[in-house]
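Q: Here are the chains, one letter per residue:
There are 2 protein chains.
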Amino acid sequence: MKKFEEKTFHSEVIFNGRIINLKVDSVTLPDGKTSKRELITHPGAVAVIAITADNKILFVEQYRKPLEKSLVEIPAGKLEKGEQPELTALRELEEETGYTTDNMRLLTSFYTSPGFADELIYLYITNDLKKLEQAKGLDEDEFVELMELSLEEAEQLVKTQRIHDAKTAYAVLYLKSEGMI
Amino acid sequence: MKKFEEKTFHSEVIFNGRIINLKVDSVTLPDGKTSKRELITHPGAVAVIAITADNKILFVEQYRKPLEKSLVEIPAGKLEKGEQPELTALRELEEETGYTTDNMRLLTSFYTSPGFADELIYLYITNDLKKLEQAKGLDEDEFVELMELSLEEAEQLVKTQRIHDAKTAYAVLYLKSEGMI
Numbered sequence: 001m002k003k004f005e006e007k008t009f010h011s012e013v014i015f016n017g018r019i020i021n022l023k024v025d026s027v028t029l030p031d032g033k034t035s036k037r038e039l040i041t042h043p044g045a046v047a048v049i050a051i052t053a054d055n056k057i058l059f060v061e062q063y064r065k066p067l068e069k070s071l072v073e074i075p076a077g078k079l080e081k082g083e084q085p086e087l088t089a090l091r092e093l094e095e096e097t098g099y100t101t102d103n104m105r106l107l108t109s110f111y112t113s114p115g116f117a118d119e120l121i122y123l124y125i126t127n128d129l130k131k132l133e134q135a136k137g138l139d140e141d142e143f144v145e146l147m148e149l150s151l152e153e154a155e156q157l158v159k160t161q162r163i164h165d166a167k168t169a170y171a172v173l174y175l176k177s178e179g180m181i
Numbered sequence: 001m002k003k004f005e006e007k008t009f010h011s012e013v014i015f016n017g018r019i020i021n022l023k024v025d026s027v028t029l030p031d032g033k034t035s036k037r038e039l040i041t042h043p044g045a046v047a048v049i050a051i052t053a054d055n056k057i058l059f060v061e062q063y064r065k066p067l068e069k070s071l072v073e074i075p076a077g078k079l080e081k082g083e084q085p086e087l088t089a090l091r092e093l094e095e096e097t098g099y100t101t102d103n104m105r106l107l108t109s110f111y112t113s114p115g116f117a118d119e120l121i122y123l124y125i126t127n128d129l130k131k132l133e134q135a136k137g138l139d140e141d142e143f144v145e146l147m148e149l150s151l152e153e154a155e156q157l158v159k160t161q162r163i164h165d166a167k168t169a170y171a172v173l174y175l176k177s178e179g180m181i
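Line order of the protein sequences matches chains C and Z. For what it's worth, UniProt numbering labels the leading residue of the first sequence as 1, then goes sequentially. For what it's worth, UniProt numbering labels the leading residue of the second sequence as 1, then goes sequentially.
Derived by calculation from the structure, the hints in this document are not laboratory data. Mixed in with the good hints there might be a few duds.
Since the list can't tell identical chains apart, any single copy or any two copies may satisfy a pair.
To be verified - Derived lysine-lysine pairs resembling DSBU-like cross-links, with alpha carbons at most 30 Å apart:
no., residue 1, residue 2
1, Lys131, Lys23
2, Lys176, Lys7
3, Lys36, Lys159
4, Lys176, Lys159
5, Lys136, Lys159
6, Lys2, Lys136
7, Lys7, Lys131
8, Lys3, Lys131
9, Lys81, Lys56
10, Lys36, Lys136
11, Lys36, Lys3
12, Lys2, Lys23
13, Lys78, Lys136
14, Lys56, Lys36
15, Lys36, Lys23
This structure is a prediction, so every number in the text was calculated from the model and none was measured.
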């Protein structure tokens, strides 16, 4: 797991933000030469494949400032400091969709952009949803619109790239390949 | 596509790097309040699902400095300025694997981390590989080891998280679901 290791001999902190940090590491390469690596640290995140009793999948549409457009995604959110990913998954499901569950199952995890960032996403699945009696608020800078789509509708949005997010495309492909709905 | 748009009223450049740039935008939210967004711009990238004549999939193992460990991934790389993604895909395939092809097909594209970065990956597929007579060099700061794995072997590496990269997990799931190999 350390093959071709790059040893750091200098690390310059460029930015410590609310969500991401940026540093530039000077490294020694396997052949003894040196290079620089621009590195983002991120707290990690969760995403949730949530399937309703009538076999619809829950999505949220939200504005993504880096892209200057809105995307359709499965419910997701960043880990709070020290928070267990399963609790983050439950919190994001409740806040973004108004549903809850007693049955949140970890499906897998993956690094989203290992070339420049350490973000790891934990992907959960639940098909045992209950409507919350009282809605929970979103974060004050968060605005989302809930959508319930059949697998066929979701596949169509992948084709037309209204679903254009990696974790969400993975989720749709997973549900299709598993024949779960 | 502009639902819940966030209007920028100030943009502060923090860092212009060799690969990524970082800025912090001050934005007006849909409810009139304000917030800040930490935003990475990235040139975009390609990844290639490459299948050999004997139904093996090509992977490369390389050190990923943000994670301080090596990952097993499908061949991939950043777009050079002004480069057409299909040419990037062919270049990365040739450099990282020693194979070439006349038949590079765009499968899909996706945003890897839309919460904080604009990186878009174009995913290509080819099953019409030819060995290059003369190997092309890698970038001078790039060290990779080529692996050829069956679909079953690749699935096993996904399970044990030696394959722990989103685009690569997507590729393995795609090949499994399509029954292509």
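Q: Starting from the hint list further up, note which numbers the structure goes against and sort them upward.
A: Hints 1, 2, 3, 5, 7, 9 and 14 contradicted; others consistent.
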